[in-house]
Amino acid sequence: MKLKLITAAVAAVMAAGPALADLTFPSLSYRTGPYAANGIPFADGYADYFTLLNERDGGIGGVKTELLECETGYNTEKGVECYESTKGAGSLVYQPLSTGITYQLIPKATADGVPVHSMGYGRTSAKNGAVFHNIFNYPANYWDAASIAIKHLLDENGGDLKGKKIALVYHNSAYGKEPIRTLEELSKKHGYELRLLAVDHPGQEQKSQWLQIRRERPDYVIMWGWGVMNQVAIQEAVNIRFPMENFIGIWWSGSENDVLPAGEGADGYKSLTFHNVGKDFPLFGDIQKYVVDAGKAAGAGDQIGTVLYNRGLYAAMLAAEAAKTAQAIHGVKDITPAMMRDGMEALEMTEAKMAGLGLPGFGPEFSVSCENHGGNGFGAVVQWDAKAHKWGLITDFFQSDQDVLGPLVAEDSSAFAAENGITAGCN
Amino acid sequence: MPDQLLFGMEVFLNGLMAGVLYALVALGFVLIYKASGVFNYAQGVMALFAALTLVGIMEGQVPFAHLINATLGTEIHHFGWHLPGIVAILLTMGVMVLLAWAVNHFVMRHLVNQEPIILFMATIGLAYFMEGFGDLMWGSDIKKLDVGLPQGMSTVIDEVTYGWFGYGFFIDNLDIVATVIAALLVVALTIFSQYSKQGRALRAVADDHQAALSVGISLKFIWVLVWSIAGFVALVAGIMWGTKSGVQFSLSLIALKALPVLMLGGFTSIPGAIVGGLIIGVGEKLFEFIVGPMVGGATENWFAYVLALLFLVFRPQGLFGEKIIERV
Chain V
1 MKLKLITAAV
11 AAVMAAGPAL
21 ADLTFPSLSY
31 RTGPYAANGI
41 PFADGYADYF
51 TLLNERDGGI
61 GGVKTELLEC
71 ETGYNTEKGV
81 ECYESTKGAG
91 SLVYQPLSTG
101 ITYQLIPKAT
111 ADGVPVHSMG
121 YGRTSAKNGA
131 VFHNIFNYPA
141 NYWDAASIAI
151 KHLLDENGGD
161 LKGKKIALVY
171 HNSAYGKEPI
181 RTLEELSKKH
191 GYELRLLAVD
201 HPGQEQKSQW
211 LQIRRERPDY
221 VIMWGWGVMN
231 QVAIQEAVNI
241 RFPMENFIGI
251 WWSGSENDVL
261 PAGEGADGYK
271 SLTFHNVGKD
281 FPLFGDIQKY
291 VVDAGKAAGA
301 GDQIGTVLYN
311 RGLYAAMLAA
321 EAAKTAQAIH
331 GVKDITPAMM
341 RDGMEALEMT
351 EAKMAGLGLP
361 GFGPEFSVSC
371 ENHGGNGFGA
381 VVQWDAKAHK
391 WGLITDFFQS
401 DQDVLGPLVA
411 EDSSAFAAEN
421 GITAGCN
Chain C
1 MPDQLLFGME
11 VFLNGLMAGV
21 LYALVALGFV
31 LIYKASGVFN
41 YAQGVMALFA
51 ALTLVGIMEG
61 QVPFAHLINA
71 TLGTEIHHFG
81 WHLPGIVAIL
91 LTMGVMVLLA
101 WAVNHFVMRH
111 LVNQEPIILF
121 MATIGLAYFM
131 EGFGDLMWGS
141 DIKKLDVGLP
151 QGMSTVIDEV
161 TYGWFGYGFF
171 IDNLDIVATV
181 IAALLVVALT
191 IFSQYSKQGR
201 ALRAVADDHQ
211 AALSVGISLK
221 FIWVLVWSIA
231 GFVALVAGIM
241 WGTKSGVQFS
251 LSLIALKALP
261 VLMLGGFTSI
271 PGAIVGGLII
281 GVGEKLFEFI
291 VGPMVGGATE
301 NWFAYVLALL
311 FLVFRPQGLF
321 GEKIIERV
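Chains as they are written, first to last, in the UniProt record's numbering: chain V, 1 to 427; chain C, 1 to 328.
No wet-lab data here; the hints were simulated from the structure. Among the clues, some could well be false.
As the list claims (entries may be wrong) - Here chain V is said to cover these stretches of chain C; the calculated rule only asks that three of the stretch's residues, wherever they fall, bring their Cβ under 8 angstroms from a Cβ of chain V:
#, region
1, 101-113
2, 138-152
3, 236-247
Beta carbons are placed, not taken as given, at the ideal position from N, Cα and C, and that holds for glycine.
Given these sequences and hints, build the entire structure.
And the structure:
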């Protein structure tokens, strides 16, 4: 009887778990809680891309993919629980989707030999792969973003920002404070005056900060916000009649969710991005045919082409391309997390490759190496058209100021290595 | 007049306006606490639920559409109407009355004469249930709320103050509307509570459930009534805050802004909620204006609680709260 029970239990576990031959991609999503409006489109885009690969191509290199979705509610503890509960399933790469969860997973994933991809968030100095062996943050990080914003303003001002006043309105958290050092360094180089305005979590009340902006009249406002802070900041900017074309948000302050509540007033607001917007790409035809029409779209299927859907889709595409690279390097189809790490470290995204995938011009070209886990630091600027309800790319992808950022990354990653007894190096 | 003084006056006025918005949330807590001795943890979520329902009804959104479509394989999302704001508000009020009945029928009536901590725990459960239920019913996307309230800088105040001081003050039209509505609400609630039969019954229930029952007051009716009024106040707060930031799940966090107001104004006083809100609003804004730049800013959240705690040291029951002496 006992043997029967054990056999039944083993059979049940095998039936419930993913097939061993599948390539397992965990999705630490947040479809509930205060940030669900942002978590849902990302999770949908991430899921739909893998569904497309399974339905159209039979998976990656002929091996089906398996998506393990785990709800974090954007909560760090739950995120770590999700990691612990899914890592045993052969999970190839984690996208923690939260800077807090990323910080918790850095030592854990490194010890477990599982790669983490914190795309456009997390610890910026993880760009130094010689220290952060398992952590990747390509194609761009927060310090790149700060530099890209300033470069854009330089372009708008004939290359001269001397005497200009720039205010940073930021979420009063580790995330919000990320760009300060970079912006301070860049202010020394370009001669602008930087004003720092912290907003307490969650950011529903920002009257003090925007009255200050109204009094001091900075030429530009850069925002590092998240969730409700974004919508309130944009509305307050509209209220004080701040010129929206002089207001630039980080890529986490630049989705449809952030601008729609302010209506027509948000017209002209800008945001940074590291991927393209809209669904005018051949791949979206395939998404429609193989995923939506087949009734296999994730969620309600109503997020396709939104900024955060595209970001999820882009993350999945980069994961799939890294898996293909890993398969090519190791000559096997059923790759392990360690092989996936190798694939990520050898990833090269060219325009030809993206065009071949049906995503021409969707993201910047970049390459990854052991020394550089962060890509080449390219980003672009998008602008909101309130009448058309559309974001539009208004610049090409351009590179951040590597002369300024390189030493900052080296300094921060060296400090991390010293604190944690890590010997930096590439084998 | 020196610039700093002018700026300080502008900050003071905006602090008053912000305080009114905090007070709107605090009022809901006070009403339920007064009537039932329950600290309603779900008040913030009620504001969210009310605002979600209002937008849903206005825009003709089909409730539980995702669930229906996933279960039945249909593709229905909208009824195809767009209702005027006032009609949607009335219908939402109907939903809030229904909610009040449901809360009483399924939760509160089973907890008569239980310890206050048990009732408080029940409202925590209610808050999480309602958040999930609202999500399931209306979806979690951020919705624009426009019931026709004016928003943006008041040009009149800007021009008048510019004429007086050479500097135009910024006052948000929405804040002015909120102030008028809050004043009307307080007057109406005070009259109801002091002079109507139901209001007096409500206060009797607040004093002693059992004694009120023994003189023939229907506890069921009173609790449904008070939760309905709190639902109405939540709807007003939801409209104001939802118009500012869009209707989204972070709305439930506005309760955090009401706590220092309650600590300061007292849990049992309607005027206390208003005065407390004004003191907290002005205090935190002026502190941010004067001290904020010296300490890196973002002082408002913690300073509101510090201010409330200072008041508590000298007046534990809050400015207007009832002093309760329990003899052993």
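Checked hints:
Coverage of the region 101-113 of chain C by chain V is violated [criterion: at least 3 residues with CB-CB distance below 8 angstroms; count 0]. Counting residues of the region 138-152 of chain C whose CB lies closer than 8 angstroms to any CB of chain V gives 10, so the stated coverage by that chain holds, three being the minimum. With 4 residues bearing a CB less than 8 angstroms from a CB of chain V, the region 236-247 of chain C meets the requirement of three and the coverage assertion stands.
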